[in-house]
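Take the given structure of chain A and dock chain B to it, following the hints.
Residue numbers (the numbering used here), protein chains in the order written: chain A, 110 to 297; chain B, 60 to 301.
Note that these hints are calculated values from the structure, not bench results. Where is the CB? At the ideal position from N, CA and C, for every residue including glycine. Any given hint might turn out to be false.
Not the full set, but computed from the structure, chain B residues with beta-carbon under 10 Å of chain A [what the hints assert, rightly or not]:
#1 Leu110
#2 Arg148
#3 Thr194
#4 Ala195
#5 Pro274
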Amino acid sequence: MPRKRERPKGESRFPIAWVLLAIASGWVVPQAVCAEGAQTARGWLPIVLHAADAWADDARLVWVENDAPVDATGRAEAWGYLFYSPLQHAMRSYSVRDGALTTAKDQAVSVAAPGLDAWLDSDAVMDAALRRANSDLGPEHRLENLLLVRGVFAREAAWVAVFVLAEGPRLFVVCDAQSGDVLRAWRG
Amino acid sequence: MGRQRMPQPRTAARRRLVAVLVLAASAIRVGTANADDEAHLRFFLQNRNFLVQAFERLSVDDASPSARRAWDFDPFAAWEADEALQAVRAALDTADTPEHLGAFRQSLDSLLVAAQAAAARLDDLDRRFASHLRTAVEVTLATNQSVRLERVEARLDGETTGETLLSVEERAALAAGGVLEVLRRVVEVRPQTLEVRWWLAGDAVPREKTEIIAPVADALLRIHLDLAGNEAKLVQTLPGGG
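Bound conformation, chain A alone:
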C-alpha cells in the first residue's frame, strides 16, 4: 500500500491545481465518489451472462476489463465484458454500471479466443499487483487498466494490471487468475 506522506507545516494548504487537473482529465475520481456503486468484476457477471445467453447459445466470456477507474480494492464503477460465439464466429461486448447494462455492442473484430474458466475476482489480485507496482514504480503510480484474459499474457487465465507513472512507461503486472500470484512484470 502507498505510504502516507506527512505534509510539512507551511506547505501549500491544498494542491488544488493538481486535483482539478486530475479530475478534469478523468484520471482521478475522489474516493468518496468512486466507492459508491463500485463493484468487483465478478459482481456483475450474472447480468452479462444472462445477456450473452440471449445473444448466442455458445457465447463464452473471453475478456474482462475495467470501464471505469479501478480503486485499490479492485472495484470499479463499470466493467466491460467481451464474449465470443464460435457458431457465429462473432464477438459481442457488454458494459455494466451500477448493476445495469449500459452498452451492448457487436465488435467489428472476431477471433476464436479461449474462454475464461476458473478465475479469482478482481479484489483478490489487487494486493499482489499493487505490491509489485509499489516496488517497481514507487507509490506515485496510477492503475490504468485491470483486465482478465487467457492465453495472451499467460497460458492460463491471468489478470493483467497496467500501471503508469506520470507520462512515463507503463508497468504490466501479470497475476495468475487462480492463485493471485504475480507471474511476471515488465515495462513497456
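Chain B in isolation, oriented as in the chain A frame:
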C-alpha cells in the same frame, strides 16, 4: 495508488473545498457525452491487432462443451408408436377368449406406459426450451374491418427484426377479430427502442409507432398494437400483470 490519495481536510474551508471538488467531478462525469462508450473496453480496442494475432496463434478448441451438446434426444425414439398401436389392435382383433383379452390388456398397458414416458420426455424438452428462451418480447397487432392492412414491420434499436406482407387470409382473420404476431424473439435485458411501421392499402409512406421497451429477465414482454381506433394504441404487458 499514489494519485488517488487525497489529503484529509481538517478545517471547514477544506471540507467545503472537497465538497466543491466532488460536485465538480460528478458534474464532469455526468456531462461527458458518450463517456461510457469511450471508456468501454479501451485497452482491448487500442491493442486489438496485437490481441487478435495472439489469439490466432493459440490452438483454440472451437468446439466448446456447450456447442457439442446437441439436442439429441427424441421423445419418440424409444417408442415405436405405430408398432405399439398395431400390437394393441392385433391383440383386440384376435381376442376370442378371456386369456386373449388379458393379452390385449397387457399390450394396452404397455402402450399407456410408453405414452406416459413420451409425455414426460416432451415435458422435459419443454422445460429446457423455456429456460433456454427466458427473456423474450412478443409484438402483436390487431385491426378491424375498416382497416385494410397491407404490410407491417418491426424494428428493435434500428434493426429490422420482423416483417410481414399480409395475405388475403391474414387480412380476413384480422378483420374477423384475429391477432397478428409481428415479432417474437429472445432479447437482452436492457431498454430498447421498438418501432412498428405499417402500411395500409394505398399508403406510400408507412405509419409508425415508437416505444421504449424494457424487457424483464426471464419473462415474456408482450406488446400489443391496436390499429382499430383513430389513433394507434400500444400496450405493454408482462405475464402476471406487470
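Each hint tested on the structure:
1. Interface restraint check for Leu110/B: the shortest CB-CB distance to chain A comes to about 6 Å, inside 10 Å, so the restraint holds.
2. For Arg148/B, the interface hint is violated, since its Cβ never comes within 10 Å of a Cβ in chain A; the closest pair sits about 43 Å apart.
3. About 6 Å separates the beta-carbon of Thr194/B from the nearest beta-carbon of chain A, less than 10 Å, and the hint is met.
4. For Ala195/B, the suggested interface contact is upheld, since its CB lies about 9 Å from the closest CB of chain A, less than 10 Å.
5. Taking 10 Å as the C-beta contact cut-off toward chain A, the hint placing Pro274/B at the interface holds, the least distance being around 9 Å.
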